[in-house]
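A.B. asks: Same order as they appear, the protein sequences are chains A and B.
Take the first sequence: its letters are residues 1 to 152, numbered as in my numbering.
Take the second sequence: its letters are residues 1001 to 1108, numbered as in my numbering.
Honestly, the hints are just simulated from the structure, not real lab data.
Among these hints, one or two may not hold up.
Claimed, not checked - Mimicking DSS-like on lysine-lysine, the simulated pairs with C-alpha atoms at most 27 Å apart in a straight line are:
1. A:LYS4 to A:LYS66
2. A:LYS66 to B:LYS1107
3. A:LYS54 to A:LYS66
4. B:LYS1107 to B:LYS1097
5. A:LYS4 to B:LYS1097
6. B:LYS1041 to A:LYS98
7. B:LYS1107 to B:LYS1041
8. B:LYS1097 to A:LYS141
9. B:LYS1107 to A:LYS98
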Amino acid sequence: MAAKLWNWRLWAGFGLSIAALAGYVFWVNETRAVFWPALLLFAVAAVLLLSGLKRRSRDPELYRGKVAGYVLTSLSVLILGLFGFVAYQVSRVFPDAKNAPQIGQRAPEFSLADANGNNVTLAQLLSTPIANSGSATRATKGLLVVFYRGYW
Amino acid sequence: MACAFELRGIQRNLAALEAAGVKAVAISADTNDESRELCRKANLTFPLLSDRNAQVIRSYDLLVPNGGEDNRDISGIAEFLLDSSGTVRWRHFGETKAERLVEEAKKL
């Protein structure tokens, strides 16, 4: 009997699920929109895995992948579960930020009290020079605005 | 003090940021008292602004409802680099290394 054929769909599906999770984790800080492409990759992976399993069960004489099929499919389901968990955590910790100011847009003005109760505005931060510890001052070229979760 | 790591990193790199002509300011939903405590503990010399009712955090669309202790509404983590006209030139969501912020500041 000839050597059985390699059931590549199983491996491609498994590889795609890994790529989907890795890509999501890698890009989620840059753009939250990466969730949907990742989900799409998982869908394609599921189609590949299922068709690989089906092919194998239809022609067990023709294709390899009896054990690999179940192992890879189970692992992919685990990876999908991990993706769901990470995405849930991200949604809890990170805001949607769909309407956050984009690059090229003007940042919304603010007027807030600092730790000593003095009011600080964005316009004022941008227009006053940087006060160094010495007497030298430097013109303000830019402002870094950091939002943080808070002291809790 | 989950986030103080990032603020401490910015403090360590404040001289490099200022050398690039960039000031730093940090905003959260903390009270003034909490900010003062954090400034003191972490030796922060840049201003921490208190957005108690999360109005500014909302205007930047960064609100995480019930995300904090006691289900407090808090801010998500984000960094914006503005040029002198107040236009966003770079932004990032989630924590980032202060070294990267310095790198981006130098490009302004």
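A.B. asks: Evaluate each hint against the coordinates.
C.D. replies: We went through each hint and held it up to the structure:
no.: 1; hint: A:LYS4 to A:LYS66; result: holds, 11 Å
no.: 2; hint: A:LYS66 to B:LYS1107; result: violated, 56 Å
no.: 3; hint: A:LYS54 to A:LYS66; result: holds, 11 Å
no.: 4; hint: B:LYS1107 to B:LYS1097; result: holds, 16 Å
no.: 5; hint: A:LYS4 to B:LYS1097; result: violated, 51 Å
no.: 6; hint: B:LYS1041 to A:LYS98; result: violated, 34 Å
no.: 7; hint: B:LYS1107 to B:LYS1041; result: violated, 32 Å
no.: 8; hint: B:LYS1097 to A:LYS141; result: holds, 21 Å
no.: 9; hint: B:LYS1107 to A:LYS98; result: holds, 25 Å
The earlier numbered hints that this structure contradicts are 2, 5, 6, 7.
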